[in-house]
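Engineer: Read off the chains here:
Number of protein chains: 6
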Amino acid sequence: MPYILIQVTREGVTPAQKNQLISGATDLVVNVLDKDPATTFVVIDEVDTDNWGVAGRSVTDLRNNA
Amino acid sequence: MPYILIQVTREGVTPAQKNQLISGATDLVVNVLDKDPATTFVVIDEVDTDNWGVAGRSVTDLRNNA
Amino acid sequence: MPYILIQVTREGVTPAQKNQLISGATDLVVNVLDKDPATTFVVIDEVDTDNWGVAGRSVTDLRNNA
Amino acid sequence: MPYILIQVTREGVTPAQKNQLISGATDLVVNVLDKDPATTFVVIDEVDTDNWGVAGRSVTDLRNNA
Amino acid sequence: MPYILIQVTREGVTPAQKNQLISGATDLVVNVLDKDPATTFVVIDEVDTDNWGVAGRSVTDLRNNA
Amino acid sequence: MPYILIQVTREGVTPAQKNQLISGATDLVVNVLDKDPATTFVVIDEVDTDNWGVAGRSVTDLRNNA
Chain A
1 MPYILIQVTR EGVTPAQKNQ LISGATDLVV NVLDKDPATT FVVIDEVDTD NWGVAGRSVT
61 DLRNNA
Chain B
1 MPYILIQVTR EGVTPAQKNQ LISGATDLVV NVLDKDPATT FVVIDEVDTD NWGVAGRSVT
61 DLRNNA
Chain C
1 MPYILIQVTR EGVTPAQKNQ LISGATDLVV NVLDKDPATT FVVIDEVDTD NWGVAGRSVT
61 DLRNNA
Chain D
1 MPYILIQVTR EGVTPAQKNQ LISGATDLVV NVLDKDPATT FVVIDEVDTD NWGVAGRSVT
61 DLRNNA
Chain E
1 MPYILIQVTR EGVTPAQKNQ LISGATDLVV NVLDKDPATT FVVIDEVDTD NWGVAGRSVT
61 DLRNNA
Chain F
1 MPYILIQVTR EGVTPAQKNQ LISGATDLVV NVLDKDPATT FVVIDEVDTD NWGVAGRSVT
61 DLRNNA
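Protein chains in written order, with the UniProt record's numbering: chain A, 1 to 66; chain B, 1 to 66; chain C, 1 to 66; chain D, 1 to 66; chain E, 1 to 66; chain F, 1 to 66.
Isolated chain A, as found in the complex:
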């Protein structure tokens, strides 16, 4: 009964991409750990670029200065 959290910046992830993340992450734990897909949860958390920092700066700032 795995729980998988996928946290990414909110930059236009489409419903089709979300479906691919959900099915891919589920397949991963089914294939590697022989888990039951029926009790495998995948949660995608989209985070505003103002709210995600790397190397001490927000992604908003990093994108503007790329």
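Keep in mind that the hints were calculated from the coordinates and are not lab data. Cβ coordinates follow ideal geometry from the N, Cα and C atoms, glycine included. There's no promise every hint is true.
Cβ-to-Cβ under 7 Å is the rule here; a few derived chain C residues that face chain F [to be verified]:
id, residue
1, Glu-46
2, Val-47
3, Trp-52
4, Gly-53
5, Val-54
6, Ala-55
7, Gly-56
8, Ser-58
If you want the ones that stay clear, here's a sample from chain A, every Cβ over 12 Å from chain E, calculated [as the list claims (entries may be wrong)]:
id, residue
9, Gln-17
10, Asp-27
11, Asn-64
Given the coordinates of chain A, assemble chains B, C, D, E and F onto it according to the supplied hints.
Structural biologist: Same frame as chain A, but now just chains B, C, D, E and F:
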């Protein structure tokens, strides 16, 4: 000083229901573990149905094909 | 399909208390939100008192100076 | 490669304050643990006051009765 | 710069399986979202079966009565 | 009432360093957001190097091949 995260799909949870979740979860750790309610946090995280997967499919998809 | 995380300090929580937390948290979302218990996860995360801070001090330190 | 989650109520945190949280949290793990800032993530999660409880009541309710 | 948390019960996950989870989850966000693997984190959290509940019972209990 | 999670690899973080992380993270939200330290939680989560991946490889593997 417990921290309780309640993650559910965003499907019309009302403020009254949120209050019940907050008071109920707080009572639970007070009653079972004798914790101090003053330092018990409850955070409710509502997740879009596109962003929650179970059995390899999004909840949006599962609801549409129920 | 709720996911509930209960994070507490690691201070001798017994298996019986864990069972009460699991059943109580499950009942809460079943009763308040009419969720299906079969797809309700409860995860209890016990945290060493050195690793939990409140008011700027570790719980280890707070316990020693209580 | 630390990951730091800062969860606060959604009550008007400005982009400038977010930048201060990101740089401050990054500096903290760099200074204390000698971590590489390039692989230090900071995620700020703003939570509606209806969805955050303390002492068994929502922050919305606590603010209204302060 | 995705962050992926894979939470599973602690039931003998081997280092080789952990490597497969890490590489598989990284490949997933690289392939689906075109993310940079260099800033993709995967964290595996193994949870004791006493501390994981489903359907209102601990996994320890469910395994014993399977 | 902030909640701050600091997730790092388990590589010999000392109690003194943990205290610095706790006081530093608390000061940060007090100074930037004017939060009350009495209801500021800091949780440090140490993760085995086998269980943390970056760039598709475990930290154990990265350390061995540095």
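Engineer: Regarding the assertion that A:Asn-64 does not contact chain E, is the least Cβ-Cβ distance greater than 12 Å?
Structural biologist: holds (16 Å)
Engineer: Closest CB-CB distance from A:Gln-17 to chain E, is it above 12 Å?
Structural biologist: The claim breaks: A:Gln-17 does not keep its Cβ more than 12 Å from every Cβ of chain E (closest is about 5 Å).
Engineer: Any CB of chain F closer than 7 Å to the CB of C:Ala-55?
Structural biologist: holds (5 Å)
Engineer: Should the hint that C:Gly-53 touches chain F count as held when the rule is a Cβ pair under 7 Å?
Structural biologist: With Cβ-Cβ at 3 Å, under 7 Å, it holds.
Engineer: Over 12 Å to the closest beta carbon of chain E is the bar; see if A:Asp-27 clears it.
Structural biologist: A:Asp-27 not clear of chain E: closest Cβ-Cβ about 9 Å, inside 12 Å.
Engineer: Under 7 Å, Cβ to Cβ, is where C:Glu-46 needs to be relative to chain F, so tell me if that hint holds or is violated.
Structural biologist: violated (11 Å)
Engineer: Hint C:Val-47 vs chain F: min CB-CB distance below 7 Å?
Structural biologist: holds (6 Å)
Engineer: Take the shortest C-beta to C-beta distance between C:Gly-56 and chain F; is it under 7 Å?
Structural biologist: holds (4 Å)
Engineer: Answer holds if the nearest beta-carbon of chain F is closer than 7 Å to that of C:Trp-52; otherwise answer violated.
Structural biologist: This interface hint holds because 6 Å falls under the 7 Å limit.
Engineer: Hint C:Val-54 vs chain F: min CB-CB distance below 7 Å?
Structural biologist: Holds - the Cβ of C:Val-54 comes within 7 Å of chain F, reaching about 6 Å at its closest.
Engineer: Could you check if C:Ser-58 really has its C-beta closer than 7 Å to a C-beta on chain F?
Structural biologist: holds (6 Å)
The earlier numbered hints that this structure contradicts are 1, 9, 10.
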